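A.B. asks: Join the two chains into one complex using the hints; note that each chain is given alone, in its own frame.
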Amino acid sequence: MSTTTARDLASPAPTKASKARPRRGLRANATLNFWLFTGPFLIGLVIFVFVPIGWSLWLSFFDARFTVTPSNFIGFDNYKTVLTDPNFTGSLVTFTVFAAFIVPLTWGLSLSLALLVHRLTYLRAFFRSVFFLPTACSYVAASLIWKMSIFNGVRFGLANTVLGWFGVDQVAWLANPTPPWYWLVIVTLRLWLQAGFYMILFLAALQNIPSELYEAAAIDGAKPGWQTFRYITLPQLRATSTAVILLLLVAAYQAFDEFFNLMGRATWGQPPLVILYKTAIGVNQDYGQGSAGAVVLTLLICVVTLFQGKIMGFGRGEESK
Amino acid sequence: MTTTTPPVDSPRRVKRGSGIGNAGLYIAVGIAALLFLLPFYLIVRNSLMQDPEITGENWKWFPSHIQWSNITEPFHDVTVDFGRSLVNSAIVAVLTTVGTLLVCSLAGYGLARIPYRHANKVFYAVLATLMVPTAVTFVPSFVLVSSLGWVDSYRGLIIPGLFSGFTCFLFRQYFLGFPKELEEAARVDGLSYWGAYWRIVVPNSLNFFAAMATITFISGWNSFLWPLVIGQDPSAWTVQVALSSYMTNQTVNYHLIFMATAISILPLVFVFLFLQRWLVQGVAQTGIKG
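Heads up: the protein sequence lines correspond to chains A and B, in order.
Number 321 marks the last residue of the first sequence (full-length UniProt numbering); no jumps.
Number 290 marks the last residue of the second sequence (full-length UniProt numbering); no jumps.
None of these hints come from the bench; they were simulated from the model.
Please note that the accuracy of each hint is not assured.
Which stretches of chain B does chain A cover? Using the computed rule of at least three CB atoms under 8 Å from a CB of chain A, they are [as the list claims (entries may be wrong)]:
{"no.": "1", "stretch": "32-44"}
{"no.": "2", "stretch": "157-163"}
Below 25 Å or equal to it, Euclidean Cα-Cα: the simulated DMTMM-like pairs (lysine to aspartate or glutamate) are [claimed, not checked]:
{"no.": "3", "chain 1": "A", "residue 1": "K80", "chain 2": "A", "residue 2": "D63"}
{"no.": "4", "chain 1": "A", "residue 1": "K223", "chain 2": "A", "residue 2": "E212"}
{"no.": "5", "chain 1": "A", "residue 1": "K278", "chain 2": "A", "residue 2": "D85"}
{"no.": "6", "chain 1": "A", "residue 1": "K278", "chain 2": "B", "residue 2": "D152"}
{"no.": "7", "chain 1": "B", "residue 1": "K60", "chain 2": "A", "residue 2": "D169"}
{"no.": "8", "chain 1": "A", "residue 1": "K278", "chain 2": "B", "residue 2": "D233"}
{"no.": "9", "chain 1": "B", "residue 1": "K60", "chain 2": "B", "residue 2": "E73"}
{"no.": "10", "chain 1": "A", "residue 1": "K278", "chain 2": "A", "residue 2": "D77"}
{"no.": "11", "chain 1": "A", "residue 1": "K278", "chain 2": "A", "residue 2": "D63"}
It should be emphasised that the depicted structure is a prediction, and the values quoted were computed from it without experimental measurement.
Cβ coordinates follow ideal geometry from the N, Cα and C atoms, glycine included.
Pulled out of the complex, with its shape left as it was, chain B reads as follows (with noise of 0.2 Å):
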């Protein structure tokens, strides 16, 4: 029989559709996203108390009294300059993101599309280092880094992030994949590699770009170990330092943490809420091909 559901049903779901199964399923589903959306309430929660309720004898799911307050209060705090963490990691992730895509998207076309007699040795020299994890390398690359005097610089945060090997590899994938036709048709019209790539298959790549361009983001924002043994001196602490570093003080402020970790996870949030068609077909396609 020919299928009349939308294709993403599977015929098991329609055989088993009884009212009872249903309900079981939702119950289960719904048990299991409480319990994934639970550690997100307890920032917001935590963020907005006072913390003598916070560390209370008696566990209060609401605040009885929500502290707008707190809001500003990460930006007051002496300790540490969250706002300036803040401000580097936006560069940072901005600036990492851009580079990335502009370097290893030429990259991967290159080696996808463009005939040259030792393109293989090329990319079986890229593929070799996606054997040594970056986080491996950290050791060596903070000797180089710091012998060219970048630590505690952007130049150090920012530029020996720019050269991934995995994420040349996803857009070479990709570019194999690109139809072909448009581009020879654009080389006939007498454009050049350089004019094709930008006129003909970037601007036909877009829904690609912007998913690499989510999750390459999303990793720079997060990214806590490099910025960590780059970001000696306070002023170059990312929002990622900053936080760890609240749990090494001498004194716990609960609600001044709990809203600094708020603060930092929610332009990630606005990310996923307006990016996820993008990050949910980049997470496909990278796994895919991992």
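So that you can see chain A by itself, here it is in the shape it has in the complex (with noise of 0.2 Å):
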């Protein structure tokens, strides 16, 4: 009955406890099991994921340019030269006015096209499916269109067209800092590639509330509209709006791709990790300054999660779905 491995690991003790053999059997049969379905896994995420962290924690105690077996133990000195550095520093600022942006930006737009497409009787698949569309849209491949057609700092550029039909001038959208118009090439961006992701988590949130509770609303004497949406849709859907913000704050710390590739050579609206990038990947090639970034970094949005854990109930949103 019992496999090769489980009558050797029950074999110390063979001859007493007849009815125990079975069971430890069983139970060496499941722990062998349990390392067969998780053990490549496990192997895997040792290697990739806890190495590097270990690694990089290591890494960040030395000056390892060039190398990444550095010799010359330099304590925090790393650190201090991180959180010293303008260009760091300011892209935690960057970071700061990005998220205080395209969190509430895209929870509002997101939340209102759920409640629209959700009312609709006719057609809704196929709305539902052009607001969904853009999460096909790779940032490389927006940040093209946003930067060479829309806001393209000449005069074919579809902003600066539509501009000068009222006869508004050119705007450098991306070419200068002051004024920061280029918050508003890149939020919209964004914006338009992960609103329909988000919508769908809203759908289906909305789908989920009983409707019930809109019958009791309307006995009661709340009036169609803004009132329900205020004392029944809203509550309703909190455990998918926390979920849903730390999402938006989890990928805005994240933000790569759309800025590097339209803002790449500018100086200015850098996120960290564009920051870390040219760090350690770039020119310098300092692995120890670009690991003491990512310490900081890493540790910054433990703090940022947990706190807007606390803040919003993270417990209740995993409890009630």
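C.D. replies: In structure tokens:
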């Protein structure tokens, strides 16, 4: 009955306890299978996630320019350099500004689209697809369209053409930090790309709201529209909203593709990952400083995530679904 | 009153079903839809136009002459091997999808279903990696992969991405909700965990697998940072890196760039049209559990 391994494991106590034997065999069998199933994933996770994180921590205390096996221990110097580097601290400001715009705007737009699509009688699947379709587009492709066709700084860009119809002068969208029009380009791009994705989450949540709630509210005299939205829909969407905002924040922290492609040569509007990329993979190849930056960033993300979870009730979101 | 309308309809809509309200709703949705489709239209417009018309003084919504010959142009471009980058992307996206599903679904099943004393500890170790976004670990990962000598190789592009804590987590959540009775019946009939998994669980979970496959494929095809880091040599570029390189080229060849963009998006639009049901389902599940 039992497999060879189970027998091996059970062999130290073969004679006594005839009842315990099959149980122990079963448990050994389960343990073996557990590692059989999870082993490949866990080995990969250790090699490609835990080892890099550990290595990064280690490197961050060394002078590791152009080398990954440094010998010159320099303590917290890399951290001091990173935290006093105006490029890195500036990138944290860039992220904060970016998050301050993109998180509420995406939340609002995706929720609005979901509410609109949810109320449609005809063509609902069609419109849902239309709003969802940009998810298929990559940030690189979208950056190309935004930079070269819509917000091109010269006359043939769509935005400048439209402004021209109203007699407004051409705007150099990306070429100037003041006024910071580049934010409009970056924020609209990401809004277009990700709103449809989060709309789907809200749509799923809207469909799960029991219709009795609305009926009860109607009986209690709540006017359809703002009142029902404020007192029924919004509270019922709380768990989803929490998840969406969390996902949006983490996604904003990881912003790289569109900034790299839109603002590649600019010295302003650089988010943390672009700075880290330039520090570690660029001409300097300073793995020590890059690692210190990665550690600082990881800690920040953890703090923000936990903080947000505390405020908005992360656990509650998990329970209710 | 019991609901006679389909479950997805909210009573609000039924009440406000006046003609004017509905017309306003459709106008609002219609305008939003046009705005969302506009960038796609611009890609198509630019890719089939000639450069002088794109950069011309007067904005034209439609090309005066559709230049079909533009379609092959990215493949003849001497500065970027666009065809090669498409092949690289296809290989990377497909193998990443297959590998991720295999590795992560097995681990998710093990964590969800196989009783083991320390399973919770293992699960927490997986959860902990969710707190560290993969994009932040790209510096140390690059250091690791380059010391393995995997730069500019499919190995380097594919293997480090297979071990997604998030995908494993989603599979675990899914398997927790999978009806236990089916497997138990199979186990009583003498199937091992392995046998029950492949012959009972997987065939009954194809919807979820399809959803996860779609999501993984899309993110594999669209990923940029990691291929940019690993693809130091142009022969290892994926299509996203190739597209990005167009932006830094000295000469800007508009119709070529946009044709290349259009070609790069096309596979995903097909994925969208054919697999949308799973995609929506998968995204919905992702978000609620996330």
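A.B. asks: Now tell me if each hint is right for this structure.
C.D. replies: Cross-check of the supplied hints:
1. Check result for the stretch 32-44 of chain B against chain A: holds, 8 residues qualifying (beta carbon to beta carbon below 8 Å, three or more required).
2. Using a Cβ-Cβ cut-off of 8 Å, 4 residues of the stretch 157-163 of chain B lie near chain A, which meets the minimum of three, so the contact claim holds.
3. This hinted pair checks out: K80 of chain A and D63 of chain A have alpha carbons roughly 13 Å apart, not beyond 25 Å.
4. For the suggested pair K223 of chain A and E212 of chain A, the alpha carbons sit about 15 Å apart, so the restraint of at most 25 Å is met.
5. Restraint check for K278 of chain A and D85 of chain A: satisfied, since their Cα atoms lie roughly 13 Å apart, inside the 25 Å limit.
6. The hinted pair formed by K278 of chain A and D152 of chain B meets the criterion: a straight-line CA distance of about 19 Å does not exceed 25 Å.
7. In summary, the hint linking K60 of chain B to D169 of chain A is supported, as the alpha carbons are separated by about 19 Å, within the 25 Å threshold.
8. Between the alpha carbons of K278 of chain A and D233 of chain B the distance comes to roughly 18 Å, so the proposed pair stays at or under 25 Å and holds.
9. For a cut-off of 25 Å, the pair hint linking K60 of chain B to E73 of chain B stands: about 22 Å separates their Cα positions.
10. For the proposed pair K278 of chain A and D77 of chain A, the alpha carbon gap of about 19 Å is at most 25 Å, so the pair holds.
11. Annotation: proposed proximity of K278 of chain A to D63 of chain A holds, straight-line Cα distance about 17 Å (limit 25 Å).
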